[in-house]
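These protein sequence lines are chains A and B, in that order. Take the first sequence: its letters are residues 158 to 324, numbered as in this note's numbering. Take the second sequence: its letters are residues 134 to 314, numbered as in this note's numbering.
Any given hint could be a false lead.
As the list claims (entries may be wrong) - Cβ-to-Cβ under 7 Å is the rule here; a few derived chain A residues that face chain B:
| # | residue |
| --- | --- |
| 1 | Ser321 |
| 2 | Glu322 |
| 3 | Ile323 |
| 4 | Leu324 |
Hints are computed from structural coordinates only; laboratory data are not their basis. For each residue, glycine too, the CB sits at the ideal point set by N, CA and C.
Chain by chain, the residues:
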Amino acid sequence: MDELAITVIGPDRTGIVADVAEALSGVGANLSDSTMTRLRGHFAMTLICSGPTGEAVRKALAPITDVLSTVRTVRPESDGAAGGEPYLVSVHGADRLGIVAAVTRVVAAAGGNITDLTTRLTGPLYVLIAEVDLPPAVAADLGVRLAAAADELGVDVTLRRAESEIL
Amino acid sequence: MTGLDWKPENLGVDGRVLSVVTAPAGVLSAVGAEVDPTDPEIVQLAADLVATMRVSPGCVGLAAPQIGVGAQVFSVDVTQHPKTATTHGTFVLCNAKVVEASRWRPGREGCMSVPDLTGDVKRAGRVVVEAVLPGTGEPVTVITDAFEARALQHEIDHCAGKLFLDRVAGAHAIYQRRVYL
Numbered sequence: 158m159d160e161l162a163i164t165v166i167g168p169d170r171t172g173i174v175a176d177v178a179e180a181l182s183g184v185g186a187n188l189s190d191s192t193m194t195r196l197r198g199h200f201a202m203t204l205i206c207s208g209p210t211g212e213a214v215r216k217a218l219a220p221i222t223d224v225l226s227t228v229r230t231v232r233p234e235s236d237g238a239a240g241g242e243p244y245l246v247s248v249h250g251a252d253r254l255g256i257v258a259a260v261t262r263v264v265a266a267a268g269g270n271i272t273d274l275t276t277r278l279t280g281p282l283y284v285l286i287a288e289v290d291l292p293p294a295v296a297a298d299l300g301v302r303l304a305a306a307a308d309e310l311g312v313d314v315t316l317r318r319a320e321s322e323i324l
Numbered sequence: 134m135t136g137l138d139w140k141p142e143n144l145g146v147d148g149r150v151l152s153v154v155t156a157p158a159g160v161l162s163a164v165g166a167e168v169d170p171t172d173p174e175i176v177q178l179a180a181d182l183v184a185t186m187r188v189s190p191g192c193v194g195l196a197a198p199q200i201g202v203g204a205q206v207f208s209v210d211v212t213q214h215p216k217t218a219t220t221h222g223t224f225v226l227c228n229a230k231v232v233e234a235s236r237w238r239p240g241r242e243g244c245m246s247v248p249d250l251t252g253d254v255k256r257a258g259r260v261v262v263e264a265v266l267p268g269t270g271e272p273v274t275v276i277t278d279a280f281e282a283r284a285l286q287h288e289i290d291h292c293a294g295k296l297f298l299d300r301v302a303g304a305h306a307i308y309q310r311r312v313y314l
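Please take these sequences and the hints and turn them into a complete structure.
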């Protein structure tokens, strides 16, 4: 069955998630994966859900007038999505244009797949944290390339294994 | 401190390999019952936990709720793990409680009962655990650190109906797990 990819963004306020989630459940939309976070006073939601038609969801969200939403139909993820070794990239330094572009280009060139990424700007400090799946045996070389890119940008970078212990 | 002077063979029964329950399942979220460690059923349960743990690749601990039994019994064996410092070998504890915990550290952990996710969880790097041994009912105090301390806290949580998901550090601290042992 096809799924719906939905984005909703609006000025943060109490109840914004409840309003959107209620509208979705009201038309039988079953939320699967989602991420919702506040970005500089805007509340942003990205959701995958299944059940209703895109049109039904658009209608259900229409009465929430202080948010901007998009709804589109997407194919479900195929089984056995590409794996890799999980790593974390941390970048921090003085804000300047192109940090994300430069760092993620280096990661992509190494065949690394970014699975999660957050950036924050607080005062003059820019911070980027990314979760990356890497192909086997590229980490050492990627570390060197990231360091070179960071050097050019005047920021600090670390690449480390996201170790997890299965208990 | 090394070893509890205890071996699974002391139980005197053969363990059965049982299947591991995965979330969502009521038994994983229910508080396990305190047990009589000398009860033959508990002795069998202890043997089953060790047997099931041993056939599960990379498994360093298994609690009774994970094989469908709501009881405060678990097995641990971290002897082969690279992050192990202190180890007490293979052992099973009943009615275990953490009585002292210190050196709290974050770490990413996963669970055989939540196979597709990992999460960042703060655990004590040093613990004192009081419990009784299955079979004899002998009271023991386990003082340990590092990975064995983490494993004990994870298993004691299972016995209290808690998963690592109940302790993750934040909304962004769970991760899809794509690399399997």
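Here's how the hints hold up against the structure:
no., hint, in the structure
1, Ser321, "holds, 4 Å"
2, Glu322, "holds, 5 Å"
3, Ile323, "holds, 4 Å"
4, Leu324, "holds, 4 Å"
When held up to the earlier numbered hints, the structure conflicts with none and fits them all.
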